[in-house]
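J.: Following the hints, put chain P in place on chain A, whose structure we already have.
Line by line, the protein sequences are chains A and P. If you count the first sequence from 1, position 89 lands on 89 in my numbering, and the numbers rise without skipping. If you count the second sequence from 1, position 43 lands on 43 in my numbering, and the numbers rise without skipping.
Hints are supplied without guarantee of correctness; some may be wrong.
[Said to hold, decoys possible] Keeping only pairs whose Cα atoms sit at most 27 Å apart, straight-line, the calculated DSS-like set for lysine-lysine is: (1) Lys64/A - Lys25/P; (2) Lys64/A - Lys529/A; (3) Lys529/A - Lys435/A; (4) Lys64/A - Lys162/A; (5) Lys535/A - Lys162/A; (6) Lys67/P - Lys215/A.
Source of the hints: derived by calculation from the structure; they are not laboratory data.
If you want the building blocks of each chain, they are given just below.
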Amino acid sequence: MTASTVLQLALFCGLLVAIVKPLGGYMARVYEGEARIASRLLGPLERLVYRVLRVDPGEEMTWKTYALAVLTFNLAGLLFVYLLARMQASLPLDPAGVGPVAPHAAFNTAVSFATNTNWQSYSAETTLSYFTQMLGLTVQNFVSAATGMAVLAAFVRGFSRKSAATLGSFWVDLTRTVVFILMPLALVIAILLVSQGVVQTFGDHASGSLVEAMKAPSGETVREQVLAVGPAASQVAIKQLGTNGGGFFAVNSAHPFENPTPLSNFVEMFSLLMLPASLCYTFGKLIGDTRQGWALLAAMFVIFLPLLALAVTQEQAGNPALGGLPIDQAASALQSGGNMEGKEVRFGIATSALWATATTAASNGSVNAMLDSFTPLGGLVPMWLMQLGEVVFGGAGSGLYGMLIFALVAVFVAGLMVGRTPELLGKKIEAYEMKMASLVILVPPALVLVATAIACVTDAGRRGVGNPSAHGFSEILYAFSSQASNNGSAFAGLAADTPFYDTLGAVCMFGARYWLIVPVLAVAGSLAKKRSVPKSRGTLPTHDALFVAMLVGVVLIVGALTFIPALALGPIVEHLVAHGS
Amino acid sequence: MSFDSALEPQPSPKVVVTVASLAGKAIGMLAVLTLLTGVLYPLLVTAVAEAAFPGRAHGSLVVEDGKVVGSHLVGQPFSEPRYFWGRPSATAPVPYNAGASAGSNLGPTNGTLTETARARASALHAVDPTNTLPVPVDLVTASGSGLDPHITPAAAEYQLRRVARARGLPEDRVRALVAAHTEGRDLGLLGEPRVNVLLLNLALDRVERGAGVP
Numbered sequence: 001m002t003a004s005t006v007l008q009l010a011l012f013c014g015l016l017v018a019i020v021k022p023l024g025g026y027m028a029r030v031y032e033g034e035a036r037i038a039s040r041l042l043g044p045l046e047r048l049v050y051r052v053l054r055v056d057p058g059e060e061m062t063w064k065t066y067a068l069a070v071l072t073f074n075l076a077g078l079l080f081v082y083l084l085a086r087m088q089a090s091l092p093l094d095p096a097g098v099g100p101v102a103p104h105a106a107f108n109t110a111v112s113f114a115t116n117t118n119w120q121s122y123s124a125e126t127t128l129s130y131f132t133q134m135l136g137l138t139v140q141n142f143v144s145a146a147t148g149m150a151v152l153a154a155f156v157r158g159f160s161r162k163s164a165a166t167l168g169s170f171w172v173d174l175t176r177t178v179v180f181i182l183m184p185l186a187l188v189i190a191i192l193l194v195s196q197g198v199v200q201t202f203g204d205h206a207s208g209s210l211v212e213a214m215k216a217p218s219g220e221t222v223r224e225q226v227l228a229v230g231p232a233a234s235q236v237a238i239k240q241l242g243t244n245g246g247g248f249f250a251v252n253s254a255h256p257f258e259n260p261t262p263l264s265n266f267v268e269m270f271s272l273l274m275l276p277a278s279l280c281y282t283f284g285k286l287i288g289d290t291r292q293g294w295a296l297l298a299a300m301f302v303i304f305l306p307l308l309a310l311a312v313t314q315e316q317a318g319n320p321a322l323g324g325l326p327i328d329q330a331a332s333a334l335q336s337g338g339n340m341e342g343k344e345v346r347f348g349i350a351t352s353a354l355w356a357t358a359t360t361a362a363s364n365g366s367v368n369a370m371l372d373s374f375t376p377l378g379g380l381v382p383m384w385l386m387q388l389g390e391v392v393f394g395g396a397g398s399g400l401y402g403m404l405i406f407a408l409v410a411v412f413v414a415g416l417m418v419g420r421t422p423e424l425l426g427k428k429i430e431a432y433e434m435k436m437a438s439l440v441i442l443v444p445p446a447l448v449l450v451a452t453a454i455a456c457v458t459d460a461g462r463r464g465v466g467n468p469s470a471h472g473f474s475e476i477l478y479a480f481s482s483q484a485s486n487n488g489s490a491f492a493g494l495a496a497d498t499p500f501y502d503t504l505g506a507v508c509m510f511g512a513r514y515w516l517i518v519p520v521l522a523v524a525g526s527l528a529k530k531r532s533v534p535k536s537r538g539t540l541p542t543h544d545a546l547f548v549a550m551l552v553g554v555v556l557i558v559g560a561l562t563f564i565p566a567l568a569l570g571p572i573v574e575h576l577v578a579h580g581s
Numbered sequence: 001m002s003f004d005s006a007l008e009p010q011p012s013p014k015v016v017v018t019v020a021s022l023a024g025k026a027i028g029m030l031a032v033l034t035l036l037t038g039v040l041y042p043l044l045v046t047a048v049a050e051a052a053f054p055g056r057a058h059g060s061l062v063v064e065d066g067k068v069v070g071s072h073l074v075g076q077p078f079s080e081p082r083y084f085w086g087r088p089s090a091t092a093p094v095p096y097n098a099g100a101s102a103g104s105n106l107g108p109t110n111g112t113l114t115e116t117a118r119a120r121a122s123a124l125h126a127v128d129p130t131n132t133l134p135v136p137v138d139l140v141t142a143s144g145s146g147l148d149p150h151i152t153p154a155a156a157e158y159q160l161r162r163v164a165r166a167r168g169l170p171e172d173r174v175r176a177l178v179a180a181h182t183e184g185r186d187l188g189l190l191g192e193p194r195v196n197v198l199l200l201n202l203a204l205d206r207v208e209r210g211a212g213v214p
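Pulled out of the complex, with its shape left as it was, chain A reads as follows:
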């Protein structure tokens, strides 16, 4: 690794740790209703929402009501996006005249954005109108992230409340998340991005005359370059912040109008990990013991850093297949070198590999380089980070509740070792919680592996593959790993815009999101009812290095045991082939 690479990675991680306490503390105050300065500014807006909808801010919901509210609200959003996409031809703001979206693509997209996955089987600038992007997708970017954070807030109340029947109100948690956290932050980020050159306009596509005319394959001479623009900055800000990841343009944040400079790149990369990392501190604050939050964050970094190093070094080493040609892949003062296929010069190797690791550690899924062209092990890193269940930072809210479910399993395993009833944060963990935790941990891998198997044995599945042999298998495995962990990034060579992939993918996204939210809320409801067990000498501390190691061990062992056989058929065999010949 070059000095500049190390510096950039260190700066990123350092700033990330530095923001955790202030931002996490602020979010804790928001959920406790104690953010005073923000309340003075935005409180009227919050109260207006409650008044219009006749929501009682003091309302309390049982876990089942909370879950039902989450599901109906998400279902309403899903249907709305589907209708918008199908009817966009007869709606306003369609300067490029893109026409209606095909039913299977509209269904996939609606599920994708409602579930915070933001998988995109379509090519954005040629498929969606500004109207659909704004009223459908931008809105889902906000509310799907807010849904995840609201469910986290409810889950945390399961620990902080004692002998209680309820978990708070979904409407209040949702409104507060949007009004106090997501909107103000997105506004600041969007304007920063415009200052760097991210486009924000409702005007027609621009065009300019080419300096050197060219011949098209059809034989005619091309003299014009049409430049697709649009209201991108507002959507890009929340796509990063809300761990959504769905690009305004087809190539996402590799597009110069979506991510024009290394500075905009840093802002976007930072925004995508900011909330999931800070929520660890929020959690600690809300349960009254910030050491617990720091321990979870430490566990995340312990997994993140080695994988980041692997991705960077693999990409920097270049592609051995080009080794025999008169091509210079070595890093020097004049070039970053390395595996540059699918990467942009302004980002080079370091920030492309950092982005790939960050975006899949979080369940963001935006990209600034084409992951399909990464080296085999460089591509294994993002794939495995998703397969670990999106708990290393993970989605906004969903990452942390996923990690807390792993913490339940960790204390359970520890309890088995010493023969004591396991406890976490003063709550006894019993059969019911463990059953629900198993569901949360087992459903996504089952979806990934079954869907991958189906695609491998059907013509419809195999036809989509864009690269030969092991890499083609990796494309399929990546697609379902991404959708069943609500990530949304892709090995984009896979032609996924078909009824087969759209439908099967939508099932994975839907199952992985809501099949987890319901058991997570069930655990929260059950924990809230319990009394707190006083600490004794036999209580396992869950804030020290031993527990961090236990937790990391559980996450890695579950992830490894489930996926190594599949990974061996894809990236691992490809790595051996690449370096063997």
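T.: Okay, now just chain P, sitting in the frame of chain A:
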């Protein structure tokens, strides 16, 4: 506690009422939040963008002699020896199609990737046969967007003598132009040093016109 005792018995009529009222609230909440985040928020961002950064909000267009010739941020295809060439582009049907961005998505072990890179290296060699240095990797690999406006300083240095010769300009003059269009790392730290190909080529054309060369 057993699985069953965690479920509280609820009379079914009450559940029905709850679902209906929840659905009403859900639709209302969606409508209000759509207004806030789907209308108010993007309009607010657009208003601030128009006021503070109008040029950038519309695509950082480059205007030369009163007409738009592209964007500062988007590359263009160049194939004549007298221009610096940019990154290879995988957009369809023509390279640098800024209406449909795309990468090649060729996997690292795909034979097509190797063959394409070999052909690109040969094409560069064909227009500059005396240059036997290895080709910088960014000149033989497709960018992620297909619209990358930049090449590395190494790629500019590699092409410098060819461009100078094709234009009959002294090498030092071209080198000075390249240096003037090289951007360092942002804040001295972020990203990579890079050369904006379109702006550099426009500057070269301007120099030639100013010198009276047709």
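J.: So, for every hint listed, does it hold in this structure?
T.: Hint check results:
1. Lys64/A - Lys25/P: holds (16 Å)
2. Lys64/A - Lys529/A: holds (13 Å)
3. Lys529/A - Lys435/A: The given pair, whose Cα atoms are some 17 Å apart, holds under the 27 Å limit.
4. Lys64/A - Lys162/A: Roughly 18 Å separates the two Cα atoms, so the pair holds.
5. Lys535/A - Lys162/A: holds (15 Å)
6. Lys67/P - Lys215/A: OK: Lys67/P and Lys215/A at ~22 Å, within 27 Å.
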